[in-house]
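Chemist: Below, each chain spelled out in residue letters.
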Amino acid sequence: RKEVEQDPGPFNVPEGATVAFNCTYSNSASQSFFWYRQDCRKEPKLLMSVYSSGNEDGRFTAQLNRASQYISLLIRDSKLSDSATYLCVVSYGSSNTGKLIFGQGTTLQVKP
Amino acid sequence: GAVVSQHPSRVICKSGTSVKIECRSLDFQATTMFWYRQFPKQSLMLMATSNEGSKATYEQGVEKDKFLINHASLTLSTLTVTSAHPEDSSFYICSAGLGRGYTQYFGPGTRLTVL
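Chains F and D are the protein sequences, given in the same order. When we follow the numbering used here, the leftmost residue of the first sequence carries the number 67, and every step to the right adds one. When we follow the numbering used here, the leftmost residue of the second sequence carries the number 883, and every step to the right adds one.
Just so you know, the hints here were simulated from the structure itself, not pulled from any lab data. Possibly wrong hints are sitting among the right ones.
[Claimed, not checked] Simulated pairs of lysine-lysine, DSSO-like, Cα-Cα distance not exceeding 27 angstroms:
hint, chain 1, residue 1, chain 2, residue 2
1, D, Lys948, F, Lys108
2, F, Lys165, D, Lys923
3, F, Lys145, F, Lys108
4, D, Lys923, D, Lys896
5, F, Lys177, F, Lys145
6, D, Lys896, D, Lys948
7, D, Lys896, F, Lys108
8, D, Lys948, F, Lys68
9, D, Lys946, D, Lys896
10, D, Lys902, F, Lys111
11, D, Lys946, F, Lys165
12, D, Lys923, F, Lys177
13, D, Lys923, F, Lys108
14, F, Lys111, D, Lys923
15, F, Lys177, F, Lys108
16, D, Lys946, F, Lys108
17, F, Lys108, F, Lys165
18, F, Lys177, F, Lys111
19, D, Lys902, F, Lys108
20, F, Lys145, D, Lys923
21, D, Lys946, F, Lys68
22, F, Lys165, D, Lys948
23, D, Lys946, D, Lys923
24, D, Lys948, D, Lys902
25, F, Lys68, D, Lys923
26, D, Lys946, D, Lys902
27, F, Lys165, D, Lys937
28, D, Lys923, D, Lys902
29, F, Lys165, D, Lys902
Let the hints inform the model, and build the full structure from the sequences given.
Modeler: Written out as structure tokens, the structure is:
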């Protein structure tokens, strides 16, 4: 079983749609959680960290459910520029290691 | 945010040659640098964790004698793919950590093609 699992998609949505991505992780010792965005043939870039209380950054909302080991990302009013692969990432271990475990990513294609 | 550079951005080489990739943190001192590999349509896989002045810690299944990592200073880590073969063709990405905690900044990646 993969440590971090995501539905690879692709998700094809029209502009303005709301889309939700889900992610599950297997290691209950995971301590930090993130969503990264990766454009084609580019490096991943941090989109947002995910907190137990849930957090929002503009059109993006992230939720974490530690009991279910489940993470979600909601994108509202999607834009063409949101087209990318979204990577669910968890981290565990000592605070000095910062080892990141990446999911395989969910591809989003926003169409006009 | 912090800036991490990689050089070269792309390299094409013949089978059997060695390739060195540099990762630099440009505006901060990185206590830890990480090397990842990403094959097409797959996710990033951590290869090794590199701490300045000490030996790298390799992930299971990554050959330390094939992927040589040197972290000689707080701003530079190098990955050398020795005797590269076509199956080593991949996107190699480094990241640099700002210290305690999990903030990592990624370099732009190096696309290696071995003929």
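Chemist: Compare the structure with each hint and give your call.
Modeler: The hints, checked one at a time:
Between Lys948 (chain D) and Lys108 (chain F) the CA atoms are separated by roughly 25 angstroms; this keeps the pair inside 27 angstroms, and the hint holds. Only pairs whose Cα atoms come within 27 angstroms are accepted, and Lys165 (chain F) paired with Lys923 (chain D) is accepted, the gap being roughly 22 angstroms. At most 27 angstroms may separate the alpha-carbon atoms for a hinted pair to count; Lys145 (chain F) and Lys108 (chain F) meet this at roughly 19 angstroms. This hinted pair checks out: Lys923 (chain D) and Lys896 (chain D) have alpha carbons roughly 24 angstroms apart, not beyond 27 angstroms.
Between Lys177 (chain F) and Lys145 (chain F) the CA atoms are separated by roughly 8 angstroms; this keeps the pair inside 27 angstroms, and the hint holds. Note on Lys896 (chain D) and Lys948 (chain D): the hinted pairing holds, with a Cα-Cα distance of about 16 angstroms set against a maximum of 27 angstroms. With a CA separation close to 24 angstroms, the supplied pair Lys896 (chain D) and Lys108 (chain F) stays within the 27 angstroms bound. Distance check on the hinted pair: Lys948 (chain D) and Lys68 (chain F) sit about 26 angstroms apart at the alpha-carbon level, within 27 angstroms; holds.
For the suggested pair Lys946 (chain D) and Lys896 (chain D), the alpha carbons sit about 21 angstroms apart, so the restraint of at most 27 angstroms is met. Of the supplied pair hints, the one linking Lys902 (chain D) and Lys111 (chain F) holds, its CA atoms being roughly 24 angstroms apart against a limit of 27 angstroms. Under the criterion of a C-alpha separation no larger than 27 angstroms, the hint pairing Lys946 (chain D) with Lys165 (chain F) is consistent with the structure, at around 18 angstroms. Note on Lys923 (chain D) and Lys177 (chain F): the hinted pairing holds, with a Cα-Cα distance of about 21 angstroms set against a maximum of 27 angstroms.
This hinted pair checks out: Lys923 (chain D) and Lys108 (chain F) have alpha carbons roughly 13 angstroms apart, not beyond 27 angstroms. Annotation: proposed proximity of Lys111 (chain F) to Lys923 (chain D) holds, straight-line Cα distance about 17 angstroms (limit 27 angstroms). A distance of roughly 21 angstroms separates the Cα atoms of Lys177 (chain F) and Lys108 (chain F); the hinted pair therefore holds under the 27 angstroms criterion. With a C-alpha separation of about 26 angstroms, the suggested pair Lys946 (chain D) and Lys108 (chain F) falls inside the 27 angstroms cut-off, and the hint holds.
For the hint pairing Lys108 (chain F) with Lys165 (chain F), the CA-to-CA distance comes to about 20 angstroms; that is within 27 angstroms, so the pair holds. For the given pair, Lys177 (chain F) sits about 22 angstroms from Lys111 (chain F) by alpha-carbon distance, which is consistent with the 27 angstroms threshold. With a C-alpha separation of about 20 angstroms, the suggested pair Lys902 (chain D) and Lys108 (chain F) falls inside the 27 angstroms cut-off, and the hint holds. Distance check on the hinted pair: Lys145 (chain F) and Lys923 (chain D) sit about 23 angstroms apart at the alpha-carbon level, within 27 angstroms; holds.
Only pairs whose Cα atoms come within 27 angstroms are accepted, and Lys946 (chain D) paired with Lys68 (chain F) is accepted, the gap being roughly 24 angstroms. Proximity of Lys165 (chain F) to Lys948 (chain D) is assessed by CA-CA distance (about 22 angstroms); at most 27 angstroms being required, the pair is judged to hold. Restraint check for Lys946 (chain D) and Lys923 (chain D): satisfied, since their Cα atoms lie roughly 25 angstroms apart, inside the 27 angstroms limit. The suggested pairing of Lys948 (chain D) with Lys902 (chain D) holds, with an alpha-carbon distance near 12 angstroms, which does not exceed 27 angstroms.
The straight-line distance between the Cα atoms of Lys68 (chain F) and Lys923 (chain D) is roughly 16 angstroms, inside the 27 angstroms bound, and the hint therefore holds. For a cut-off of 27 angstroms, the pair hint linking Lys946 (chain D) to Lys902 (chain D) stands: about 14 angstroms separates their Cα positions. Distance hint between Lys165 (chain F) and Lys937 (chain D) is fulfilled; the C-alpha atoms sit about 16 angstroms from each other, no more than 27 angstroms. Our distance criterion of 27 angstroms between C-alpha atoms is met by Lys923 (chain D) and Lys902 (chain D), whose separation comes to about 24 angstroms.
Between Lys165 (chain F) and Lys902 (chain D) the alpha-carbon distance is near 23 angstroms, which keeps this suggested pair within the 27 angstroms criterion.
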